[in-house]
Amino acid sequence: MSEKYFWSGNIAVAEGALRAGVTFYAGYPITPSSDLMEYMARELPKRGGVFIQGEDELSSINMVIGASIAGAKSMTATSGPGYSLMQEALGLAVMLEVPLVVVDVTRLGPSTGQATKSGQGDLMQARWGRHGDQYTVVYTASTPEEAYIMAIKSFNTSEKLRVPVTFIIDELTAHLWETVRVPDNIEVVDRRLTDAKTRYFDSDNPLEAPPMPMLGKGLNILYTSSTHDGFGYRKTQDPEVHRRLVERLKEKVIGNTSEVFEYEIIGDPDGGDVGIVAFGSVARVAKETKTILEREGIKTSVLNLLTLWPMDYELLRSFTENMNVVIVPEMNLGQLVYDIYQVRGRDSVYPYNKIGGGEPIYPRELAGFIKEVVGR
Amino acid sequence: MKSIRILGIGGQGIAFSGWLLGYAATLSGLYASVHHSYGAEVRGGTVTSNILIDEKPIENPYRDVFDVYLVLHSFGWKNVDTDQEALIIADEDIAMKNSPSDIEISWKPFDKIAHEKRLPINMIALGYLAKIGVIEYTSLKKAVETRGKNIKENIMALDIGYNL
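So the sequence lines, in the order shown, correspond to chains Y and Z.
Note that the numbering used here has the first sequence beginning at 2, numbered continuously upward.
Note that the numbering used here has the second sequence beginning at 46, numbered continuously upward.
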């Protein structure tokens with residue numbers, strides 16, 4: 002039996018994080034993420050954790066990294082402008098293999114854009130915002146209920162793979178209040194620790210992250226952002242050490258794609274008149290659009306992506322290949338659509354883009370566009 | 046499914062009213078979705094709250110047509126879809142300006158009562174929504190009691206609206 006709550010998306014993320022065992026939060030307020038932070042400021046100390054408001058996003062994310070190295074499940078939340086400021090530190094977290102979760106409550110950019118309005122323009126930044134060859138995991142959610150589940154999944158993946166995870170939640174979902182059913186049983190993954198002198202930064206199985214060294218056990222651990230060997234020693238001249246490290250950091254994420262990938266298909270996954278691929282608030286609009294179209298005899302399926310990186314291209318291919326047309330509605334000028342182009346080419350793939358004003362894509366509007374496309 | 050849009054300006058408690066309807070529906074065992082639209086200002090900007098209530102989880106909360114509109118300020122009219130059939134309830138003083146002339150509107154003296162009795166306008170209007178069956182009155186009262194501030198005043202306002 003599950004319990005029911007009335008939560009916003011932001012509160013659901015916070016509650017999910019608490020269920021996952023977060024014990025450290027540092028952040029700097031920014032619309033539309035501030036209410037998540039306020040909730041954590043109130044709830045985290047009550048539940049035995051530490052909450053700190055940093056002087057800015059740079060200090061906050063660096064405190065999160067430090068707390069995680071010290072052993073705490075750690076997180077922050079921000080929005081586009083703050084997320085941009087955190088990129089340098091996130092690159093550090095990739096290199097040091099520090100598990101943490103950054104929630105990016107997405108608004109309209111570039112720059113400060115429209116602070117209170119929803120957007121989905123941070124998708125590519127979440128994947129590629131850091132310099133160098135770097136691979137992280139990006140999750141999202143389309144309902145507060147999914148946000149709760151995916152927040153837990155974010156921590157689980159982060160701890161399992163020793164990788165920073167970005168959780169994207171668009172403002173419309175973050176500030177949507179909804180009746181949420183919380184499941185009784187849910188898996189929580191804790192990090193693998195060691196108190197032995199071993200290789201903390203290498204693994205013979207590249208799919209498996211090395212264990213993290215415990216602090217306070219007398220282990221002298223080197224954490225350096227420069228290229229390092231398995232024990233953490235700087236090796237900035239050795240091509241083989243660099244190759245081994247960075248290829249492993251990639252394989253750890255890309256090689257585990259099927260393990261980390263979450264999605265939902267509504268309708269027939271094997272083909273139809275229309276396939277809609279969407280994420281976040283737009284996925285819910287797509288579901289109602291399916292209902293509208295099917296009333297008119299247009300067979301429609303919806304792929305609701307809960308993982309935005311790494312991408313399961315096999316799944317995308319199998320979902321899209323037998324659809325007569327594929328529609329990719331996004332609240333940006335077209336970012337996710339490039340994944341569809343990659344597996345299907347541009348033939349009968351139609352982006353539908355809406356930005357500005359914070360208006361959702363409405364089902365009537367999307368259905369109208371699709372009917373026009375199908376009629377061509 | 047019931048769909049309600051409440052429109053007004055910042056400071057009237059529009060967002061809180063929408064939240065309270067959703068919370069009350071959840072308390073009574075139903076499913077609710079509530080989302081608001083507003084600007085960066087704390088007071089004076091337009092605020093819209095969209096509420097859906099159903100017996101099963103809600104497929105999509107983002108829509109532009111509603112069964113019931115509650116207009117508590119004239120700024121709200123631009124977000125009322127007058128092409129569709131709907132019940133439109135509006136405040137007879139502060140929403141009269143710029144109101145559409147070609148549709149039927151149920152005018153109510155929410156603001157007048159709020160001033161006379163020194164009670165919050167949003168609670169009077171919510172009481173009226175309970176009267177017309179949008180929400181179960183007992184759950185609405187329970188929602189106010191468990192989460193609200195100034196419980197006595199708010200319940201008094203709900204009662205007045207419910208008996209309008």
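For the record, the hints were derived by calculation from the structure and aren't laboratory data.
One thing to keep in mind: the hints can contain errors.
Stated by the list, open to error - Result set (EDC-like, lysine to aspartate or glutamate): computed pairs, CA atoms no more than 16 Å apart in a straight line:
| hint | chain 1 | residue 1 | chain 2 | residue 2 |
| --- | --- | --- | --- | --- |
| 1 | Y | Lys5 | Z | Glu100 |
| 2 | Z | Lys123 | Z | Glu100 |
| 3 | Z | Lys101 | Y | Glu4 |
On a predicted model such as this, the values are computed, not experimentally measured, just so you know.
How the hints compare with the structure:
Restraint check for Lys5 of chain Y and Glu100 of chain Z: the C-alpha separation of about 13 Å stays at or below 16 Å, so the hint holds. The suggested pairing of Lys123 of chain Z with Glu100 of chain Z is violated, with an alpha-carbon distance near 30 Å, which exceeds 16 Å. Pair hint Lys101 of chain Z plus Glu4 of chain Y holds up; C-alpha atoms about 15 Å apart against a cutoff of 16 Å.
The structure fails hint 2 only (numbered hints given earlier).
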